[in-house]
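Q: The residues making up each chain are set out below.
Number of protein chains: 4
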Amino acid sequence: MLTSWGVSCVASARVLVAGASGYAGALAARLVERHPRLELAAITSRSDVGKPLRALYAHHRVDAVLEELDVDGPHGEVDAAIVAYPHGAAAPAVAALHARGVKVIDLSADFRLRSLDTYEDWYVEHSAPELLAHAVYGLPERYREELRDASLVANPGCFPTAAVLALAPLAPYLTDVVIDAKTGVSGAGRAATDATHFVSVTENAKAYKVGAHRHTPEIEQELEAAGGPAALAISFTPHLLPLDQGELLSCYLRLEDSAPPAAELLAAAYAAEPFVELVPGPPGVRDVRETNLCALNVVEDPRTGRTLVFAALDNLWKGTSSQAVQNLNLMLGLPEGEGIS
Amino acid sequence: MLTSWGVSCVASARVLVAGASGYAGALAARLVERHPRLELAAITSRSDVGKPLRALYAHHRVDAVLEELDVDGPHGEVDAAIVAYPHGAAAPAVAALHARGVKVIDLSADFRLRSLDTYEDWYVEHSAPELLAHAVYGLPERYREELRDASLVANPGCFPTAAVLALAPLAPYLTDVVIDAKTGVSGAGRAATDATHFVSVTENAKAYKVGAHRHTPEIEQELEAAGGPAALAISFTPHLLPLDQGELLSCYLRLEDSAPPAAELLAAAYAAEPFVELVPGPPGVRDVRETNLCALNVVEDPRTGRTLVFAALDNLWKGTSSQAVQNLNLMLGLPEGEGIS
Amino acid sequence: MLTSWGVSCVASARVLVAGASGYAGALAARLVERHPRLELAAITSRSDVGKPLRALYAHHRVDAVLEELDVDGPHGEVDAAIVAYPHGAAAPAVAALHARGVKVIDLSADFRLRSLDTYEDWYVEHSAPELLAHAVYGLPERYREELRDASLVANPGCFPTAAVLALAPLAPYLTDVVIDAKTGVSGAGRAATDATHFVSVTENAKAYKVGAHRHTPEIEQELEAAGGPAALAISFTPHLLPLDQGELLSCYLRLEDSAPPAAELLAAAYAAEPFVELVPGPPGVRDVRETNLCALNVVEDPRTGRTLVFAALDNLWKGTSSQAVQNLNLMLGLPEGEGIS
Amino acid sequence: MLTSWGVSCVASARVLVAGASGYAGALAARLVERHPRLELAAITSRSDVGKPLRALYAHHRVDAVLEELDVDGPHGEVDAAIVAYPHGAAAPAVAALHARGVKVIDLSADFRLRSLDTYEDWYVEHSAPELLAHAVYGLPERYREELRDASLVANPGCFPTAAVLALAPLAPYLTDVVIDAKTGVSGAGRAATDATHFVSVTENAKAYKVGAHRHTPEIEQELEAAGGPAALAISFTPHLLPLDQGELLSCYLRLEDSAPPAAELLAAAYAAEPFVELVPGPPGVRDVRETNLCALNVVEDPRTGRTLVFAALDNLWKGTSSQAVQNLNLMLGLPEGEGIS
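As they're listed, the protein sequences go chains A, B, C and D.
Take the first sequence: its position 232, counted from the start at 1, is 1390 in the numbering used here, and no numbers get skipped.
Take the second sequence: its position 254, counted from the start at 1, is 1412 in the numbering used here, and no numbers get skipped.
Take the third sequence: its position 91, counted from the start at 1, is 1249 in the numbering used here, and no numbers get skipped.
Take the fourth sequence: its position 241, counted from the start at 1, is 1399 in the numbering used here, and no numbers get skipped.
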């Protein structure tokens, strides 16, 4: 059909959100429900079956009731699914839905790393390695055309989204990369632990998973894909801050002497991108809260010869769920910003 | 006299705190007042004369009334003074007190940089350059013996305190230094501005003064004094976090191949230091809140060949006011930890 | 004209926001700019003329430039104006715009109190008392029909919005009212003061303006208008909390023995209201953040014979700016929820 | 022995803290360890046996290792014990220690209510009702003399500590009491739950346990003991705020017409009390953070005929653990403020 906007699109795709009781899945459910051309077909959960989502997240105002996932039943008949399971648990559910012809966006790490070895080094044994070759990395600013035809999309990690948007245009010139990342607590998910207890977090700030965060190989993969040096080992260190949503990456770079100015490279790369903002000063995470935007700022430091890039986004939105809807729009032939602008 | 602790010391030194209406001065006044062997002789302010300090800071419980500074009167007759004025304004007050034989600890930057040119490049014209040669840099872990005989102490900046404690023992081997600093809002002082408004800070995080923070030359001076390479230009970038007190420095280093393990260098340097803690994992700023401690943690990252050092302290305590009392104890021959342990 | 929604409405009303550099005015400007059937004609400021609003509030993404108010020039020719000035300063601007035929929504207190004496008792001398008779109190749930024909709307205070929505349906039966109000810092406005400094607010909570808050007579006026006893003196006590946006009122009531159940009275009053939610447990302010909703919950306490009503809203949205747009929609014949749902 | 203070006291009492892995027990352990005349004999835990307390609470700097409680072994031979178990679980441990001649301070609710029926109505079946008659309610400002001779002390709840300090001197004149209580998250304890997750709490505020909080009968018992009317049913409603430590009670009262001014009653009651502060304006919880102080402020509101009393304390300090040490000092004949001033 042809809409009045002149865009070929489905009238209303039916979308399942599996794992909707977590932060990412719940937000995905809300965004799908409010989307003018998507229908929230069902939401599932492994822990809260029978509860309306509103009982868990009053502010999302989604009245649908959490069901048990039934891929052989109605959940296998939807047009598309967003799967918000932990890594390892995601792959079988993704495989089952994909086998029934459902277009799948996987929010976990299970299909992000193109190398099975790298995945199994950093994560666990993979239960559906045969699908790796079908997965498209869901960063529209890098893989827009592939995403239009994708049947399986690996939605990027929140840190890699920011890091790759900040650095991919500079990748061919990078010689040294230190990324100091700061994140709000929602990035740790809904699980109540000592580390996410309010008393542990308020008036505190600390590094975690130093030298060992699983988003590291994902960033390295994408920088190499963008033309970066093959053996570029980046330093990536996340810190937990006393805030809810938001992520700030401070990237300390050295570029080859022959490199064009970083600001020009970023400006050229993102001139036509609706969801990347080049801003005149260091962005605060507040500036992009609850948006699908990533804000970037470049500072050249002649004293040290370094180039600094700051990248801010909302880890639950552009870092996860609104980016999933952006990908879904591309897969379904809808306007890319529909429902997330 | 000889106390029962076997330490030669004054019975009770009379101490002035000038500029006690700001965060640092107010805390200094409280620490002096509670100190078992110091007497708070007077507190002064340029903005709140006539008010009891308790009216400004209920939690400090200091009933003394803020006076106008009168160096020619009683304020010139105290044994020691802590001056908590902004840079530029501090030098004349320090000079006047010093000329009357008062031992002075200056919390501003005015006497920290040994090079007049560097000071005037980064700050303003200096009004008392003749005193620079008399000033001792007030980091006890580096200058303990000089501090015992000092008549003028330049109390370090909060960031340099953490940075120099983290890096000085490694200085001879450093080849590359990136410092990503995170600080609470009290570091910006009591002035109410758009930047310190609760609404600007909560749920936010952002870099500021990128490539231009005035603590940079101070860190470079002290690393060179500790045996670092002469032209080592460090990258130092502060970030403002939604917390009150606390400072975390994440230092990304490259060391010469011949360097001993960083953990060993730090362990050797601080084995006998009462106020430096080597901790087994990345410290949170909460761990050292309202203490005179600096917590350090070293992580070697073989993937990237970098050494990481994390340093946490309370910017108002070890970063400023309790360190001033530590210096005062040394200058007066008192036990170093008296009143701040 | 008749739109496809069957509603008679203007094609696109041109709206001025005066005082757009404050929190309320800035949000109003953003809501007007994004509104599908309003055009942001101009924004003005008394303090930041010449700056784009984006420079003050990056997250609102409004590029319009702040101008000086010129009622005799183009600003007097708009269809409608939202005036976000402090009380006292608002009345002359409102009068000038109103005199030129501009429909005005005043966010200040200047036209909320129908009694000039009460206004002048609690505020200042009134500069445009002749307009009081023309002003309609802008709480759509109470004055919807009057608002459709209004030329001057007095937008309610944030606390009265919550209090009147919570209590008006119970007014005829009230015999005793204690309201303990809790508010985020944005309610204090953009002015940077000791009281709004991050360090003053974080990890703190305290009452302010005890027995003296100017929203008290406004609440009493509206409860009497709703059938409450004439001399009902309510206890209203606000508290400042360490949060940004959000307001919670805990109302401790005694009702006449003959009163129907409070829950039934509220349910009947709000059955058809799109922006009042009756919720099953005490609402959190987070549940209604950045919405035009007021959430209400009733608890009967048989032990004490009291009825408790909890009311939560976002002080900048339903408490101020989105409610202004709701009122504007009514005044202009637009669907009431357009641009704020 | 007779000390130089003229107080008969033990040289160094050996103190056990049972349940030291929770917030209250951990702080009690720290206070005991730093106390100049107490020795921390052992710390026990039901969940973290074998861990040093420092591994759970870096900021407390207590290196002792958590053990399993062994009442028949060395733990039965200490001079005194602070038991920080949940209600129900506390009574058997308290009884076992008490039977071995250990002086016990119980932080739970198990021995606070003198009426077994009331206890069992609000809590669970009591396992050691025979001890109720031996327990002294551990509010020194009300029961100082009884505490000196007590062998079992029921440490008050945090809310009752504030409420009883605020209201007991007014009790004979009270005719109506509404208490709106606000508390930080540490009051909910260390258990990681949905309710204590940072994301649930930040930028939020909500009431909980409305009409059902178990501190209600405790407050009523103590107001009646202070001369209040027998059937005074108070309205007590707690709210959870986004802060760590701190508790604010806003008390809305009606007093008999014949009552003396409330401010005078409180001034007379607390003239000689070292840990109750009468302050000139509404106290913030920040003012008493990490102290054993309760700050009180009285406001008479002639408009409504109500008396308002605001009470602020630190729920973990005066509300629990430092008050336990205050009680311990009394029981052991030590200066009452030793180790907590």
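Any given hint could turn out to be false.
Since the list gives no way to pick out one identical chain from another, each pair is judged satisfied if it fits inside one copy or across any two copies.
Unchecked claim - The calculated SDA-like cross-link candidates involving lysine to any residue, where the alpha carbons are at most 20 Å apart (straight line), are:
no.	residue 1	residue 2
1	Lys-1367	Pro-1232
2	Lys-1367	Glu-1431
3	Lys-1209	Tyr-1301
4	Lys-1209	His-1371
5	Lys-1367	Glu-1458
6	Lys-1367	Gly-1439
7	Lys-1209	Asp-1352
8	Lys-1209	Pro-1438
9	Lys-1367	Leu-1436
10	Lys-1367	Asp-1228
11	Lys-1367	Thr-1449
12	Lys-1367	Trp-1280
13	Lys-1367	Asp-1352
14	Lys-1367	Ala-1421
15	Lys-1367	Val-1282
16	Lys-1367	Arg-1192
Hints listed in this document are in silico derivations from the structure and should not be mistaken for laboratory results.
Q: Each hint needs a verdict: does it hold in this structure or not?
A: Quick rundown of the hints versus the structure:
1. Lys-1367 - Pro-1232: neither (40 Å within a copy, 40 Å between copies)
2. Lys-1367 - Glu-1431: neither (33 Å within a copy, 28 Å between copies)
3. Lys-1209 - Tyr-1301: Classified as neither: same-chain Cα gap 37 Å, cross-chain 38 Å, threshold 20 Å.
4. Lys-1209 - His-1371: So Lys-1209 and His-1371 fail the 20 Å test inside a copy (34 Å) and across (26 Å) alike.
5. Lys-1367 - Glu-1458: between (29 Å within a copy, 13 Å between copies)
6. Lys-1367 - Gly-1439: Classified as between; 10 Å across copies, 29 Å inside a copy.
7. Lys-1209 - Asp-1352: Cα proximity of Lys-1209 and Asp-1352: across copies only (15 Å, versus 26 Å in one copy).
8. Lys-1209 - Pro-1438: Intra 46 Å, inter 14 Å, cutoff 20 Å: inter-copy only.
9. Lys-1367 - Leu-1436: For Lys-1367 and Leu-1436, the Cα distance is within 20 Å only across copies (18 Å; inside one copy 30 Å).
10. Lys-1367 - Asp-1228: The answer is neither: 36 Å in one copy and 38 Å across copies each exceed 20 Å.
11. Lys-1367 - Thr-1449: Close neither inside one copy (27 Å) nor across copies (26 Å); limit 20 Å.
12. Lys-1367 - Trp-1280: Result: close within a single copy only, 13 Å intra versus 37 Å inter.
13. Lys-1367 - Asp-1352: within (15 Å within a copy, 24 Å between copies)
14. Lys-1367 - Ala-1421: Classified as between; 18 Å across copies, 31 Å inside a copy.
15. Lys-1367 - Val-1282: Within. Shortest intra-copy distance 17 Å satisfies the 20 Å Cα cut-off; inter-copy 43 Å does not.
16. Lys-1367 - Arg-1192: neither (36 Å within a copy, 33 Å between copies)
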